[in-house]
Structures are given as structure tokens and as C-alpha cells.
Amino acid sequence: GQQVMQIPQYQHVQEGEDFTTYCNSSTTLSNIQWYKQRPGGHPVFLIQLVKSGEVKKQKRLTFQFGEAKKNSSLHITATQTTDVGTYFCAGSIRLSSGSARQLTFGSGTQLTVLP
Amino acid sequence: DAGVIQSPRHEVTEMGQEVTLRCKPISGHNSLFWYRQTMMRGLELLIYFNNNVPIDDSGMPEDRFSAKMPNASFSTLKIQPSEPRDSAVYFCASSLAGRLTEAFFGQGTRLTVV
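Which chain is which? The protein sequence lines are D and X, in order. The numbers in the first sequence follow my numbering, run straight up by one, and end at 463. The numbers in the second sequence follow my numbering, run straight up by one, and end at 161.
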């Protein structure tokens, strides 16, 4: 079945260091979304990428969608303690029936920022 | 806007009992999703409704699970009978237009089956 692989599973960084999480799909994606989940909280939408090669920025966060639309990355510059949480990617593909798109979440990367 | 509202926030039940989780999506959203989150399996899509109609229920684990959306402002996820392996956090989410738009998640229901 469709899988969206996400690495690394865990990342510990010192405050001020950069952080990157990667998503890879075996199938071409229609779009990819990124979510952040704080400990004990619920996933919160960050951004959606749709176009091949698309790059979007939100302050210290940079999101990229690969040219082949099979991979994506989230990069955080100069991490802060408020960045702590689990970052998920979620990719949509068209089902073989052509009728609907399946949304598959990656396993998430749990980020710890040490002060 | 109150956001997606789920109830209860916590549920502890005995194995074999029926459990019903409830969700009120954001007004005006026409898509609703039920997710289950566990340490072992991560975040799994269980079922997706569009305009109150189930579109994709391929994630529903087995017949013990059922979901309904009788109207645009209410959905339920029922487990009957419940088993310890159903213990998880269940999230409901809604969006304006399917899986290509931003999904807003509720606070979740933490279910423990003992």
C-alpha cells in the first residue's frame, strides 16, 4: 500500500541549531501537507505544497516539494524551544480507482530542543 | 469559531463495552475525517466523509468500528465491542473541501480499554 516514509524519527538539537525532517513517497503525490503536534496536543496545519519544485517559507521554516513530487522537506533555521513537538508530513495520492485521494501521514519526527 | 469539538476528552471502558466518540466539525466545512493515533502505528486515517457521505473507509480496522454522519454538524465513531488494542487517541478533523485543503483537528479523545 501507499506509504509515506519520514526521517529521522527523533532529533535532539541545541537551541539555535538547524533542523530538517524529510518525507519520501513511493508514489507521486498530488500534494503534501505539513503539521505540527505539540506534546499532548493535536496536529496543527502548517502548510500545503502542490506544485513540483515548490518552496515556501514561514519565518524560520522552509518547506520544499521535490521536482518529482515524491519527496518533501521541512527545514527550521535557528531552532527555539517553542519549536518542540512532532512534525508530520501528509501526502495525498489518487487511488487506482481514480475516484478519491488517500491522505497518508508520515510517522513524524519528534523534535527536542535543548536550551 | 470554536473549532472542531470532540467529546468525551477521555474515556475509560471495560473490554466488551460499546464506546461512542462524538465530533462536531467547524461550521461550513464539508469534509470530516476520523484518525487514530498510537505510538506503534502513528496517525492513521480511519474514515473520510464528504458532504455527510462516507467516501473512503478503507482505514477502518474491522467490523467492530462504525462511523456515521447524520448531518453536517455531527459525526460519531462507534466501537462495539471494544478491545484493549483499541486504546488510542482518536482525532476528528474537518476541512472546507476534502483532502486537498487544510484540516483542522479537534483536541482528541483518549480512549483506554481495560
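Don't read these hints as lab results, they were simulated from the structure. Do not take every clue at face value.
With a cut-off of at most 20 Å between alpha-carbon atoms, the simulated SDA-like pairs for lysine to any residue come out as follows [as the list claims (entries may be wrong)]: (1) K384(D) x G89(X); (2) K407(D) x K418(D); (3) K418(D) x M86(X); (4) K384(D) x P128(X); (5) K384(D) x T123(X); (6) K384(D) x T60(X); (7) K418(D) x Q396(D); (8) K71(X) x T430(D); (9) K384(D) x P131(X); (10) K407(D) x R386(D); (11) K125(X) x A114(X); (12) K399(D) x T148(X); (13) K384(D) x A114(X); (14) K384(D) x Q154(X); (15) K399(D) x T60(X); (16) K384(D) x K125(X); (17) K71(X) x G89(X); (18) K405(D) x E149(X); (19) K405(D) x S54(X); (20) K407(D) x Q351(D); (21) K384(D) x A416(D); (22) K125(X) x A49(X); (23) K407(D) x T376(D); (24) K71(X) x Q396(D); (25) K404(D) x I73(X); (26) K404(D) x T148(X); (27) K399(D) x A144(X); (28) K399(D) x G389(D); (29) K399(D) x E149(X); (30) K407(D) x K125(X); (31) K384(D) x A135(X); (32) K125(X) x G75(X); (33) K71(X) x D366(D); (34) K384(D) x I52(X); (35) K384(D) x V136(X); (36) K384(D) x Q84(X); (37) K384(D) x E149(X); (38) K407(D) x N372(D); (39) K384(D) x T148(X); (40) K71(X) x T123(X).
Computed from a predicted structure; not experimentally measured.
Given hint T60(X) paired with K399(D) - CA-CA distance at most 20 Å: violated, 46 Å
Holds or violated: K404(D) to T148(X), with C-alpha atoms at most 20 Å apart: holds, 16 Å
Restraint check for K384(D) with T60(X), where alpha carbons must lie at most 20 Å apart: Violated. K384(D) to T60(X) sits at ~30 Å, over the 20 Å cutoff.
Holds or violated: K418(D) to Q396(D), with C-alpha atoms at most 20 Å apart: holds, 14 Å
K71(X) paired with Q396(D) [C-alpha distance capped at 20 Å]: violated, 24 Å
Agreement of K399(D) and T148(X) with the hint, judged by alpha carbon distance not exceeding 20 Å: Status holds; Cα separation ~14 Å.
Given hint Q84(X) paired with K384(D) - CA-CA distance at most 20 Å: holds, 14 Å
Given hint A416(D) paired with K384(D) - CA-CA distance at most 20 Å: violated, 24 Å
K384(D) paired with V136(X) [C-alpha distance capped at 20 Å]: holds, 16 Å
Agreement of K384(D) and P131(X) with the hint, judged by alpha carbon distance not exceeding 20 Å: Measuring from Cα to Cα gives roughly 28 Å; hence the hint is violated.
Given pair status - K418(D), K407(D), alpha carbons within 20 Å: Judged against 20 Å, a Cα distance of about 25 Å means the pair is violated.
K125(X) paired with A114(X) [C-alpha distance capped at 20 Å]: The given pair, whose Cα atoms are some 6 Å apart, holds under the 20 Å limit.
Violated hints, listed in ascending order, are 2, 3, 4, 5, 6, 8, 9, 13, 15, 16, 17, 19, 20, 21, 22, 23, 24, 25, 28, 30, 32, 33 and 38; each of the other numbered hints is respected by the structure.
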